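All chains, please: the whole structure from these sequences, using the hints.
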Amino acid sequence: MRDVLPTIEEWRARGDAIAIATVVRTLGSAPRGVGAKMVVSSRGAMAGSVSGGCIEGAVFEACQQAIATGESRLLHFGVADDEAWDVGLACGGMIDVFVEPLR
Amino acid sequence: MVIHDALRRAIEAEQPIAVATVIAGAAPIGAKLLIDAAGTASGTLDAGAVTAQIIADALALLQRGVNEVRRYGDGLEVFIETYPPPATLLVVGAVHIAIPLVTIARTLQFRTVVIDARGAFATPERFAHADELVHAWPDEALAGRLTSNSHVVVLTHDPKLDDPALLVALPSAARYVGALGSPRTHARRLERLRAAGVGEAQLARLHAPIGLRIGGQSPAEIAVSIIAEIVAVRNGRSGAVPS
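Protein chains in written order, with the working numbering: chain P, 1 to 103; chain E, 104 to 346.
Treat the hints as calculated values from the structure; they're not laboratory data.
Given the structure is predicted, the values throughout are model-derived calculations rather than measurements.
Check each hint, because a few of them may be wrong.
Computed cross-link-like contacts, SDA-like style, restricted to lysine to any residue with a CA-CA straight-line distance of at most 25 Å [claimed, not checked]:
| no. | chain 1 | residue 1 | chain 2 | residue 2 |
| --- | --- | --- | --- | --- |
| 1 | E | Lys135 | E | Gln156 |
| 2 | E | Lys135 | P | Gln64 |
| 3 | E | Lys135 | P | Gly35 |
| 4 | E | Lys135 | P | Ala47 |
| 5 | E | Lys135 | P | Arg103 |
| 6 | E | Lys135 | P | Ser29 |
| 7 | E | Lys135 | P | Ala62 |
| 8 | E | Lys135 | P | Leu102 |
| 9 | E | Lys135 | P | Gly28 |
| 10 | E | Lys135 | E | Ile114 |
Here is the structure:
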C-alpha cells in the first residue's frame, strides 16, 4: 500500500475513480507476495503490480469493471484454472486477487 | 473514503495499523474494519460475535507484520493486512557511500536517517533524499531510538565516531548493526570494543566487514552490498550463495 498511496492521492486530486487490486493468497512460486497492490484509475492509468506481469491485463479489466459497477470481487488465477490458459501464469503458482473500488 | 483516509493517515504517521476486509462469505464483500495497535476498531464490517476474534487475529498478525486470509466458519473469509511502522535505516557517517545507500534504501521502503555531527558532510544538498538528517554525535543521536525495526550502518572510518555509535547500537534491540572497514581495521575495532567492556555475544552480532561479498568497489556497489546484507538478515538468510 505504501508504494501506491502517493499515486492514489494524485488521482483522487484530479477527480478520478479508483479500484485497488490486492494479492490476498498465493501458492507456489508467486512473483509478488501477499499484500502486493495494483491500482487503476477511471482514466485507464495503472500503478503497482500483483504479479510479474502475467495477470496484470486481466486484473486491469476487473478493476475497470469494479469502478463501473461499484462491486468487489475475488479473482483466482492458477494452473488448475481454465483462465490460466488465457493469462498464463508462467511460474506455475496460484494467486488470489481481491479487486475493490476505492470508496 | 473514510476508512482509506484513516488508513493513509496512520501509515503516513508511522503508527501501526491493520485492515480486515471480507473477501468471501455472507457478510457484504468488501466490508472493512480498521484496527489500531490498541485494538480499537472502526469500519463497515459487522461479523457479530466473530468481530472480537477478527480483532484479536489482526493484532497478532500486526505484531508479526504478516498479511493473511483467515476463515471464520460459514464460508466467511477475511483478508487481514498489517502495516507495522516501516523499517528504519540509520546511517552513521554522511560519507559518499551514504548517498547511494539512502537512495537504494528508500526504494526498498526503508525510512532513512543520516547522522553526522560534521556539518561539511551532512549537508542538505548531499542528503535531500534522506527522511531525516541529524547533526549530532552518533551516541547521542542513537540513544533511545533503536528498536527491533532499526538497522544501523556505521560508515565514518573514524574510531572517535564509529566506536561510540557501536557502543550504543550493539547492546540495543537493533535488528542489524554493521560497520565499514577492512579486516585489519575491524580487528583493531574489536580490541577497542572489548576493552570498552562489550561482551562476545554482542560483538558476534556486528556485521563487519560490512556487506555481502560481491566485489564492490564504487560507493554505489558497496551500498548495494550493504543493503543486500540487511535484506538477507531481515529475511532470515545468510546471504551466502548456496554451494
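Hints versus structure:
At most 25 Å may separate the alpha-carbon atoms for a hinted pair to count; Lys135(E) and Gln156(E) meet this at roughly 14 Å. For the given pair, Lys135(E) sits about 21 Å from Gln64(P) by alpha-carbon distance, which is consistent with the 25 Å threshold. With a C-alpha separation of about 15 Å, the suggested pair Lys135(E) and Gly35(P) falls inside the 25 Å cut-off, and the hint holds. Proposed proximity of Lys135(E) and Ala47(P) is supported: the alpha carbons are some 23 Å apart, at most 25 Å.
Taken as a hint, the Lys135(E) and Arg103(P) pair is honoured in the structure, with Cα atoms around 11 Å apart against an allowance of 25 Å. For a cut-off of 25 Å, the pair hint linking Lys135(E) to Ser29(P) is broken: about 29 Å separates their Cα positions. For the given pair, Lys135(E) sits about 20 Å from Ala62(P) by alpha-carbon distance, which is consistent with the 25 Å threshold. About 12 Å separates the Cα atoms of Lys135(E) and Leu102(P), which keeps this hinted pair within 25 Å; it holds.
For the hint linking Lys135(E) to Gly28(P), the alpha-carbon distance of about 28 Å lies beyond 25 Å, and the restraint is violated. Between Lys135(E) and Ile114(E) the CA atoms are separated by roughly 17 Å; this keeps the pair inside 25 Å, and the hint holds.
When held up to the earlier numbered hints, the structure conflicts with 6, 9 and fits the remainder.
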